[in-house]
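K.L.:
Given next are the chains, with one letter for each unit.
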Amino acid sequence: MGKTLAEKILSLKSGCDARAGDIVIARVDLAFAQDTTGPLTVRQFQAGKFKSLANPSQTVLFFDHAAPSPNRELASDHQFMRQFARETGCLISDVGGGVCHQLVAESLAKPGDVIVGADSHTVTAGALGAFATGMGSSDVAVVFALGKTWFRVPESIKISTTGELRQGVMAKDLVLQLIGAIGADGATYKALEFGGEGLRNLKISDRLTIANMAVEAGAKVGLFPSDRVTRGYLNHQKRGEDYQPLAADNNAGYESEIHIELAALEPTVAKPHQVDNTAPARELKGTKIDQVFIGTCTNGRLEDIATAAEILKGKKRHPRIRFIVAPASPQILLDAISAGYIRTLVEAGAAIMPPGCAACLGLHQGVLASGEACLSTANRNFKGRMGSPEAFIYLGSPATAAATVITGEITDPRDVM
Amino acid sequence: MLKGKAFKFGDNISTDHIIPGRYAYLRSNLPELAKHVMEDADPDFAGKVNKGDFIVGGSNFGLGSSREHAPLVIKMAGVSAILAKSVARIFFRNAINLGLPVLICDTNGICDGDELEVDLAGGTVYDKTSGQKLSFSCLPEVMLDILDKGGLVPYIQKYGDFRL
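Just so you know, the sequences run in chain order Z and L. Sequential numbering from 1 applies to the first sequence in my numbering. Sequential numbering from 1001 applies to the second sequence in my numbering.
Only chain L is shown next, with the shape it has when bound in the complex (with noise of 0.2 Å):
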């Protein structure tokens, strides 16, 4: 069981409101680069984020870029599990193949500073603040797979190949 506290941001969060290009400079310095997490959507978020909470998007989020940077600041920032309406492709794949959790469901009803708790095994999300309770779509197996064993360099590196 997850447990947090939502930071609720709008729609069309671009890997740019995430980590912006012009921190490209820093992305062999990790630490410095993940000070900069969610900068140009919410300047403060990096200062106010403890470990275990939840970003809670709109509609599209992490569109943009192929950056991995995107989901690497925000695990590194302790977020864990993204929650959104829907996600951009690429940053679905490089959030599932960093081991953190990006789960699909209605976050309408989601405000921000609520109290949530994640049952990613029960696929439901309980918003102890609103006493809402959502359910989130499954996720392909492949994916669940790779999501299982923290990301897909380790579920490479068990398997010695993919697995459908």
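Chain Z extracted, bound-state conformation (with noise of 0.2 Å):
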């Protein structure tokens, strides 16, 4: 039998013939950490003794869940990392230097790497073609000494899709739509496998949308081949050397298959508290909204700004709305300002934030009060999650958002185009 996408990269990099549920050891391409897990990966290497890295090179820290830093304690876990990448020699992203998951896409991850960070949407990734996938703090920190770590050789789920989005609705609601259907739980410990002749029409910001919320399903990876689209994204990045085309096999085996029709999906809207309560956001018309927020690893691109700023081209946000906009990387900030999109998103009442994860985990730019509705972008709506457990986070695309910042309550983009 042939091998799928996740059995062919752990088999490369294991030296093993690695089938689903083997346990096999494979070397590591790429290691990082972020700044609220990044303090107890140092600690747990500290306590391990280690002496150095495997892969300086290969081994990042990034400062994106609060940065700047919001207070005095995170702005000494800020120093313990900086300190730490001084004595080592492991690379550093600091402040304004864009969410961790946007700049390993943009200037990292390779088809066909294995990629561990300690954020569980390390996942991301997997858009290129990257087995990357998410672990904690002790796991890194191995990681980080021995450039190598044991998987699971997952279970693959071929997701098969077919056909275009049409106007008005984007990657988003497609993986809303899946998880909705799967539950959060629908793909634990297995690998998303995406393909299909509709991939054709799913650009990297596309992919990088839907493999990031893998994870919300139970994932451990969401795989996309790499292909024609991948070369162009990666020559668009002026890193055309890290392309090789990646594939599952024809006969590879699947545990289960789901079909996607691009064409019949739906603005789509996961509802309070969980990922996989989803509905369609024209049934939500009605619900009142207070911030909208825009950014993060999941949609704070610059096709989702563009997007944005299409639809509120010489609109005003609603009285009611704080608009919040975090560009996921510098690249995206300099992109749109050229674009013009900044100057549009600001005219209709949006407030900028540096590139980094912004509102996204309750820890500052738009903590949420006791009562109050977000429509985030993002890819969590837990309860507690951005402020006050008596919240409520509401998830839908970059045009929905937009849509809800015209009108002031869950809004079908549809309606506004």
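Note that these hints are calculated values from the structure, not bench results. Keep in mind that this is a model prediction, so the values were computed, not measured. Note that CB positions come from ideal geometry on N, CA and C, so glycine has one too. It is possible that some hints are incorrect.
Claimed, not checked - Under the rule of at most 20 Å between Cα atoms (straight-line distance), these lysine to aspartate or glutamate pairs were calculated in the DMTMM-like manner:
| no. | chain 1 | residue 1 | chain 2 | residue 2 |
| --- | --- | --- | --- | --- |
| 1 | Z | Lys383 | L | Asp1040 |
| 2 | Z | Lys51 | L | Asp1044 |
| 3 | L | Lys1035 | Z | Asp415 |
| 4 | Z | Lys383 | L | Asp1011 |
| 5 | L | Lys1008 | L | Asp1040 |
| 6 | Z | Lys383 | L | Asp1042 |
| 7 | Z | Lys49 | L | Asp1161 |
| 8 | Z | Lys271 | L | Asp1040 |
| 9 | Z | Lys288 | Z | Asp415 |
| 10 | Z | Lys383 | L | Asp1044 |
As the list claims (entries may be wrong) - Here are some, though not all, of the chain Z residues that point toward chain L, as calculated from beta-carbon distances under 10 Å:
| no. | residue |
| --- | --- |
| 11 | Asp77 |
| 12 | Ser120 |
| 13 | Gly218 |
Reconstruct the complex from the two isolated chains, following the hints.
P.N.:
Shown next as structure tokens:
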């Protein structure tokens, strides 16, 4: 029998004939932590009395979750991480550098890589054909030291796509609808592998959004093949030499298969307090919103900001709405300025945050009060995530978010386009 | 043999229920952080739990963030093991990496407050209150070894590498 993408990559990196269910030790091409998991990662590294990093140039500490630091405690954590970087020679991406997963996609991840990060959304790099997965601080500390880790080779669920997204419908709607259908544990321990002719119509920005949320169905990885779209993206990033084609074998064994017709998808929203609690945006008309947040590793890319700017051109935010936008990287911020999107959004009433995670996890830049509701383009709506446990988080696409900015209530973007 | 009382929770207890992200500023001050364990699932939990007690979840326990502080504060609260119908993968690995046993079994019959006895080697749970006996699925060998050494860092210190 042929191999899935997960089996192929883990076979290559472990030197074994890796099959679903096997346990293998694989070389890791890139390991990283961010500023809320980094301090414990460093402490576990020190507790292990490891002398040095296995690969300093493939080890990164990112400052994005609470950067610039909002208080003394986190400032001191940042200081601790910078000290570790000086001592070990690992790379750092400091304040304003952007969201770790976006920077990994722009500059570091290659098709066929194994990537481990102390952040659950490390799965994002699966968009480029990398076996990328989140782990905790102990696991990542050991990868820092040894350059390898153990994996149970996951069974794969094939998601085959056909067709093209309709106007007003985005990749976010695809992944929300998928998670709504299979549930928040629908892919636990498994790989989601995307394929089919519909992939031709999904750009890397779309694939990053989809891979990013694979973990919200419990998946270990969300994998896309490396194809012409991947090559185009890597060329655009001036990393053409990092490209290699990569696809599952035609006769690979999948645990199950799900078909998605892109043209059949509708703008979709996840309601509080679970990502699989989904409904069509139109059904939620009338749901009043206090804050709209566009950004994060899920939807803080240029294409997302462009979509929002297109909808908001010449419009103003509803008087009740606080409108927060955080581009996911400096490259995105600069491109959005050049294209005039930032001007459009500021004229519509947006507050622009520096590249980083911003309001996503309740640490700064848009913390919610009790009773408030937020429509966010992020990936999680758990109780208490953005501040008060009595707040309500709805997840939607940048188009749905922009439409909601105008009306002050959850709005299907096709109703304002 | 582990002995203690069951604290029963429902399905989909996330890492934000276990230790909310808003307390990230306390992550380098573990004794303070630990006071907020399970706060958004049961605000009184930290005051009620005793050394040796068990957290009993439903399906998909520990979904969400990769924060190892989630199993860490549970361990600091004195919890001797987590029992659940299923567990999210990052949380599962994190708990074992800290030497905190996670046992997959059908928890439907266990009620809040039941007195439990867990035989880790034998793979059984005895609910003294209901008289029910359960068995839990065996961990992969590498995880059993990590658990046996008290966690991943002591395991690597002992062997210097992974052993399959």
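K.L.:
All hints, please: hold or fail.
P.N.:
To see whether the hints hold, each was checked on the structure:
no.: 1; hint: Lys383(Z) <-> Asp1040(L); verdict: 8 Å, holds
no.: 2; hint: Lys51(Z) <-> Asp1044(L); verdict: 42 Å, violated
no.: 3; hint: Lys1035(L) <-> Asp415(Z); verdict: 47 Å, violated
no.: 4; hint: Lys383(Z) <-> Asp1011(L); verdict: 14 Å, holds
no.: 5; hint: Lys1008(L) <-> Asp1040(L); verdict: 14 Å, holds
no.: 6; hint: Lys383(Z) <-> Asp1042(L); verdict: 13 Å, holds
no.: 7; hint: Lys49(Z) <-> Asp1161(L); verdict: 13 Å, holds
no.: 8; hint: Lys271(Z) <-> Asp1040(L); verdict: 18 Å, holds
no.: 9; hint: Lys288(Z) <-> Asp415(Z); verdict: 16 Å, holds
no.: 10; hint: Lys383(Z) <-> Asp1044(L); verdict: 17 Å, holds
no.: 11; hint: Asp77; verdict: 6 Å, holds
no.: 12; hint: Ser120; verdict: 4 Å, holds
no.: 13; hint: Gly218; verdict: 6 Å, holds
Taken one by one, the earlier hints fail for this structure at numbers 2, 3, listed in ascending order.
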